[in-house]
Amino acid sequence: MEQDAQLVQQCLQGDGSAWEELVRRHSRRIYNICYRFTGNRTEAEDLSQDVFLRVYRTLGSYRSAHGGFATWMTSVTRNLLIDHYRRTKRDRVTDSLDDAMPVVETKESSGRRPDEQALLVELSSQVQAALTHLSPELREAVILRDLQQLEYSEIQAVLAVPEGTVKSRINRGRIELARILQQMGVRPS
Amino acid sequence: MTWTCEQTELRLTEYLDGLLSADEQHSFDVHVNSCERCSPVVRDVTHVVRNLHLLPELEAPPRLVYNILDRTLGPRETVTGWAAVLAFLRGIASPKFAYGSLSVAATFLMLITASGFNWKKPKLADLAPASIYRNTNRQVHLAYARGTKYVSDLRVVYEIQSRLRQDNELPTGNENTVPESSPKQPGTTDGAPPATPRQQNRANDSHSHLQVLAEELPFLSGKLDFVPSALLGVWASGKLSSK
Chain A
2 MEQDAQLVQQ
12 CLQGDGSAWE
22 ELVRRHSRRI
32 YNICYRFTGN
42 RTEAEDLSQD
52 VFLRVYRTLG
62 SYRSAHGGFA
72 TWMTSVTRNL
82 LIDHYRRTKR
92 DRVTDSLDDA
102 MPVVETKESS
112 GRRPDEQALL
122 VELSSQVQAA
132 LTHLSPELRE
142 AVILRDLQQL
152 EYSEIQAVLA
162 VPEGTVKSRI
172 NRGRIELARI
182 LQQMGVRPS
Chain B
31 MTWTCEQTEL
41 RLTEYLDGLL
51 SADEQHSFDV
61 HVNSCERCSP
71 VVRDVTHVVR
81 NLHLLPELEA
91 PPRLVYNILD
101 RTLGPRETVT
111 GWAAVLAFLR
121 GIASPKFAYG
131 SLSVAATFLM
141 LITASGFNWK
151 KPKLADLAPA
161 SIYRNTNRQV
171 HLAYARGTKY
181 VSDLRVVYEI
191 QSRLRQDNEL
201 PTGNENTVPE
211 SSPKQPGTTD
221 GAPPATPRQQ
231 NRANDSHSHL
241 QVLAEELPFL
251 SGKLDFVPSA
261 LLGVWASGKL
271 SSK
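First to last, the protein sequences are chains A and B. Count along the first sequence from 1, add 1, and you get the number used in the working numbering. Count along the second sequence from 1, add 30, and you get the number used in the working numbering.
FYI, nobody ran anything at the bench for these hints, they're computed from the structure. Since this is a predicted model, take the numbers as computed values, not measurements. Glycine is no exception: its CB is placed at the ideal position from the N, C-alpha and C atoms. Treat the hints with caution; some may be incorrect.
With the C-beta cut set under 8 angstroms, the calculated list includes, among others, these residues of chain A facing chain B [said to hold, decoys possible]:
#: 1; residue: Gln7
#: 2; residue: Tyr32
#: 3; residue: Asp147
Throw the hints in and build the complete structure from the sequences for me.
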């Protein structure tokens, strides 16, 4: 976190390599949030670029005293995702081809047996499909808590809502997700 | 503490995240275990959370970082002309590159030398493919012939050595055990046991001969105190004359 704050200071002084380092450190995490929210790789890539563009332009407004750079960046990402959701609500096609295709996940899945790998790919596509059926408020809460493993206080800072609301959204999101998966025929093993 | 279905649903996240107190957790467990409505909900949500935690973090597309940098810092400048040459030279001026270049050069020199190229009188014709093939073929045959001869010579030397070893081992094996500091006199022993059966037989024969001699000439065994000096002189002169 301190290193992020230092890099931000260097960026503000015009150091391009510091900005490049920040992009390399956070691009994967931001891409994952965008992908889990949209369920579409192309959209996730475009949105990740938009996030960094906005962060680059508003870098001067970041204050390390108000929280970590990662939390601030997640908050920017969340705002942009909600904007994107509202903007594309009318012409959104829920079951796109990309949703149906399982993502080949190489790095972390290496070392698993082929049958375990196949199960994981199937599970990943099912959970991802179920996530896109959640409302954006519940979806973002579940993504931040269960996929990004953020603390309640961090989610509270990102969503700018009271802690009780955070817990309530996570709770409702999980229950709703379980219901959707049950409707999809995914049974607990 | 009484626990209701509404409480279960409201505080399920806190239960799964381990944020309930011991009393609350106990009441929660008691209720869930006895409630047909809440039990499947808790089971399904636990399953969902477990599955969410199993989802791996995806790799970002490789072009993402460069696209972001292009959109924020602008396209990277392309260097041309002498600046590009200098940048290239700066790039290759590293120990890693120098080591690789030296390895390639050494390999090239070895191959050229092996193909029979004469470094003292270099000719351009030696570098023609036909010449390289002919010289390489000649060098290979020479190397094979030298190798065959070397192996054959080694075999002969080994055979000679093994024969010599066999010849040396049989007759000299026991004589070498006698210490040079105490040379034996004929007919005497140093008290040491014989080393071989043949020596033992020889010792037994000598012993039996001495016994016979002692019986025939009792004065030699010290049985008689009186020995005529004349007889001893005659016996001694006879021994000497017989030798």
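Hint check:
For Gln7 of chain A, the interface hint is violated, since its Cβ never comes within 8 angstroms of a Cβ in chain B; the closest pair sits about 19 angstroms apart. The interface hint given for Tyr32 of chain A holds, since its Cβ lies 4 angstroms from the closest Cβ of chain B, which is under the 8 angstroms cut-off. The criterion of a C-beta within 8 angstroms of any C-beta in chain B is met by Asp147 of chain A, whose closest approach is roughly 4 angstroms, and the hint holds.
Consistency with the previously given hints fails for number 1 only.
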